[in-house]
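Visitor: Could you build the full structure based on these sequences and the hints that come with them?
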Amino acid sequence: MSETGINRVAQATPPRVARKIRGLSDRAIAWIFVAPTIFLLLAINIFPLIWTIRLSFTNFRANRPNADVKWLGLRNYERILSDPDIWITMQATAHFLFWTIFFQVLIGFALAWFINKKFKGSDLWTTIIVLPMMLSPAVVGNFWTFLYQPQIGLFNYAVSFFTGVDPTSFSMIGDVSLAPWSLVIVDTWMWTPFVMLICLAGLRSIPDTIYEAAECDRASKWRQFWTITIPMVLPFLMLAVLFRGIENFKMFDLVVQLTGGGPGSTTELTSVNLKREAFEKWRTGYASAYAIILFVTVFGLASIYVKALNKVKER
Amino acid sequence: MSGFSVTDPSKGQKWVAGVLVVLYAVITLLPLLWIVATGFKSSPDSIAYPPKVTFEPTVEGYVNLFTSQTRQTEEYLAENPPTTWYEEIVHDKGMVIAGPSRFGERFLNSVIIGFGSTFLSVFLGTLAAYAFSRYRIPLKDDLLFFILSTRMMPPIAVAIPIFLMFRSLGLSDTHAGMILLYTAVNLSLSVWLLKGFIDEIPREYEEAALIDGYTRFQAFYKVVLPQAATGIASTAIFCLIFAWNEYAFAVLLTSGTAQTAPPFIPTIIGVGGQDWPAVAAGATIFLLPVVVFTILLRKHLLRGITFGAVRK
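Chains S and Z supply the protein sequences, listed in that same order.
With my numbering as the guide, the letters of the first sequence map in order to residues 1 to 315.
With my numbering as the guide, the letters of the second sequence map in order to residues 1 to 312.
Derived from the structure by calculation, the hints contain no laboratory data.
Fair warning: there could be bad hints in the mix.
Stated by the list, open to error - So these bits of chain Z aren't anywhere near chain S, every CB distance computed over 12 Å:
1. 58
2. 59
3. 69
4. 83
5. 101
6. 112
7. 137
8. 158
9. 165
10. 174
11. 184
12. 204
13. 212
14. 266
15. 284
16. 294
To be verified - Keeping only pairs whose Cα atoms sit at most 20 Å apart, straight-line, the calculated EDC-like set for lysine to aspartate or glutamate is:
17. 222/Z / 206/Z
18. 281/S / 83/S
19. 52/Z / 83/S
20. 14/Z / 123/S
21. 307/S / 215/S
22. 52/Z / 212/Z
23. 120/S / 8/Z
24. 222/Z / 200/Z
25. 222/Z / 26/S
26. 93/Z / 45/Z
27. 221/S / 199/Z
28. 117/S / 8/Z
29. 118/S / 212/S
30. 307/S / 275/Z
31. 11/Z / 247/S
32. 299/Z / 123/S
33. 222/Z / 212/Z
34. 14/Z / 166/S
35. 93/Z / 212/Z
36. 307/S / 141/Z
37. 118/S / 8/Z
38. 221/S / 208/S
39. 140/Z / 208/S
40. 11/Z / 83/S
Ideal Cβ placement from N, Cα and C applies to all residues, glycine included.
Guide: Structural data, given as structure tokens:
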């Protein structure tokens, strides 16, 4: 803003407001407290996002900052949406999302159900179970490549111990059909406790009196489970799925360390694919359009989902 | 527990549930125990078939992790006998220590960036959360949702312009740049969690303080802050764990000076491929603080991972 502009604003500020700032009115305190947060988020999230949108209409390449930048309009978007390779990537992401959420909900709910029986030491074991999800996915993912080694890996050895299959006959990471499952296994191992914790909170939120009433009405345990437990836990479960869905759509560190997108591009999830376009091929404009499409997808799906979640909660 | 209730699980049910949960816990813990064990194995033991459960422990992996080594001729080794226990370990393999490895620096970077960003995001987050909790702010719900939505963006999606922005501001590969970035990423968590904690402190306390002649500001830091101490501490630990574990931004925006441990540990290589005992040793040192923090946090865990959406 120019100097005259600042002066004009200063003159336009009524004396009442100026006095209040000096005396720190409630409203002034509120804004002083909130402003740094909003400012930082605008600078590091919104400004880059707007920049990404602008870049997405160009053929800019970050490794050649001095080259001519051409305005392409919507051409980047057209190319991405008609590119069959991107759809393969999307399919890999969908496979990963579906199966990780499926297993995590199944195992997570079962675990919560058992922990809720309040056996001796259940708190201690809960803390132990929770550990994997708190650890660095990159560091742990890297170590899993060691566990997955055909000759010396603990995972292959354990599988062969229980099934009798030769441990050197399969390679979780190297095999085209197994690699997607290697991701599902590690992600499920890491994040099942997350679903478990949320389900546990759901189960504990159901008052005992409801079950007692059902017991008086001679409802079978099976019926109690489907008409009391499931509906009351459902909002919690849906929240867990929302979190896991958003996180796994963004999934990057684990995949990069575990499979690196390979073999070929069988496990190249969208984030990994995007990183390749942006930071290896340096097609910055194209990658920006790609990023916007992903962001709109996550945001759109999440908004629809939250609406559904609120409906379930109201019931 | 009071009295008998029809809803109490029977002894048999408890027993079955306990066995299943313990079984799962043991299986889930195996990969982590394997990391710790591998860190104390010798190179041949670490890649033995079948995998070795019992072995002679050695700190070779830890020595390899902290030092960089070069191979030397027989004559040189004979002329320069080892003087310390760790030189002896290296000496036995026909190597000498050339100097410290990069691991120390990278670990220190993790500490600086982790604590720096945690301090900033908790500081800013506490102020914002207090204002959101106590004052009428126009568009409050929209602002809060905006803050939360910043977390939905895939890091790679904003990484491109942040990369360009940092390059032109001279912030790429600096501690300050990474601290600012992680602060911004953590703010959503910190504001949401802290708002929940501050909401739970009764307003009457501050009102009483105001009547006693405190200013708004004094009431904030003499009454509200001490009451929110537990909440602030657990929020800080969550922010620290996030910054500690973060990989995507670290690998894209840092290369030398400000690189943290997560992108570094997987690149530890020895002679002929990855030096698994050294990698495991690095992982053990790196993961251990988080394990301790998780145990400290266990009561607030659920709240933290759901941004305060589920409270127990």
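Visitor: Each hint: holds or not?
Guide: Okay, the hints, checked on the actual structure:
1. 58: Its Cβ never comes within 12 Å of chain S, the nearest being 18 Å, so this holds.
2. 59: holds, 19 Å
3. 69: holds, 21 Å
4. 83: Holds, since 33 Å exceeds 12 Å.
5. 101: Nearest chain S Cβ is 16 Å from residue 101/Z, so the label holds.
6. 112: Its Cβ never comes within 12 Å of chain S, the nearest being 17 Å, so this holds.
7. 137: Non-interface label fails for residue 137/Z: nearest chain S Cβ at 6 Å, not farther than 12 Å.
8. 158: violated, 5 Å
9. 165: Not fine: 7 Å to the nearest Cβ puts residue 165/Z too close to chain S.
10. 174: Since the minimum Cβ distance to chain S is about 15 Å, residue 174/Z lies beyond 12 Å and the statement holds.
11. 184: violated, 4 Å
12. 204: Residue 204/Z clear of chain S: closest Cβ-Cβ about 17 Å, beyond 12 Å.
13. 212: holds, 18 Å
14. 266: violated, 4 Å
15. 284: Answer for residue 284/Z: violated, closest chain S Cβ roughly 10 Å.
16. 294: violated, 5 Å
17. 222/Z / 206/Z: holds, 9 Å
18. 281/S / 83/S: Holds. Residue 281/S to residue 83/S sits at ~16 Å (cutoff 20 Å).
19. 52/Z / 83/S: Distance ~48 Å between residue 52/Z and residue 83/S Cα, so the pair is violated.
20. 14/Z / 123/S: With a Cα-Cα distance of about 14 Å, the restraint between residue 14/Z and residue 123/S holds, given a limit of 20 Å.
21. 307/S / 215/S: Violated: residue 307/S and residue 215/S sit about 34 Å apart, past 20 Å.
22. 52/Z / 212/Z: violated, 69 Å
23. 120/S / 8/Z: It holds: about 14 Å lies between the C-alpha atoms, which stays within 20 Å.
24. 222/Z / 200/Z: holds, 17 Å
25. 222/Z / 26/S: holds, 17 Å
26. 93/Z / 45/Z: holds, 15 Å
27. 221/S / 199/Z: Since the Cα atoms of residue 221/S and residue 199/Z sit roughly 39 Å apart, the hinted pair is violated (cutoff 20 Å).
28. 117/S / 8/Z: Given pair residue 117/S, residue 8/Z holds - Cα atoms ~8 Å apart, limit 20 Å.
29. 118/S / 212/S: holds, 18 Å
30. 307/S / 275/Z: Since the Cα atoms of residue 307/S and residue 275/Z sit roughly 50 Å apart, the hinted pair is violated (cutoff 20 Å).
31. 11/Z / 247/S: Violated, at roughly 39 Å.
32. 299/Z / 123/S: holds, 10 Å
33. 222/Z / 212/Z: At roughly 13 Å apart (the allowed maximum being 20 Å), residue 212/Z and residue 222/Z satisfy the hint.
34. 14/Z / 166/S: violated, 38 Å
35. 93/Z / 212/Z: It is violated: about 74 Å lies between the C-alpha atoms, which goes past 20 Å.
36. 307/S / 141/Z: holds, 16 Å
37. 118/S / 8/Z: Measuring from Cα to Cα gives roughly 9 Å; hence the hint holds.
38. 221/S / 208/S: holds, 14 Å
39. 140/Z / 208/S: Outside the cut-off at roughly 37 Å; violated.
40. 11/Z / 83/S: violated, 60 Å
Consistency note: the structure conflicts with the earlier hints numbered 7, 8, 9, 11, 14, 15, 16, 19, 21, 22, 27, 30, 31, 34, 35, 39 and 40.
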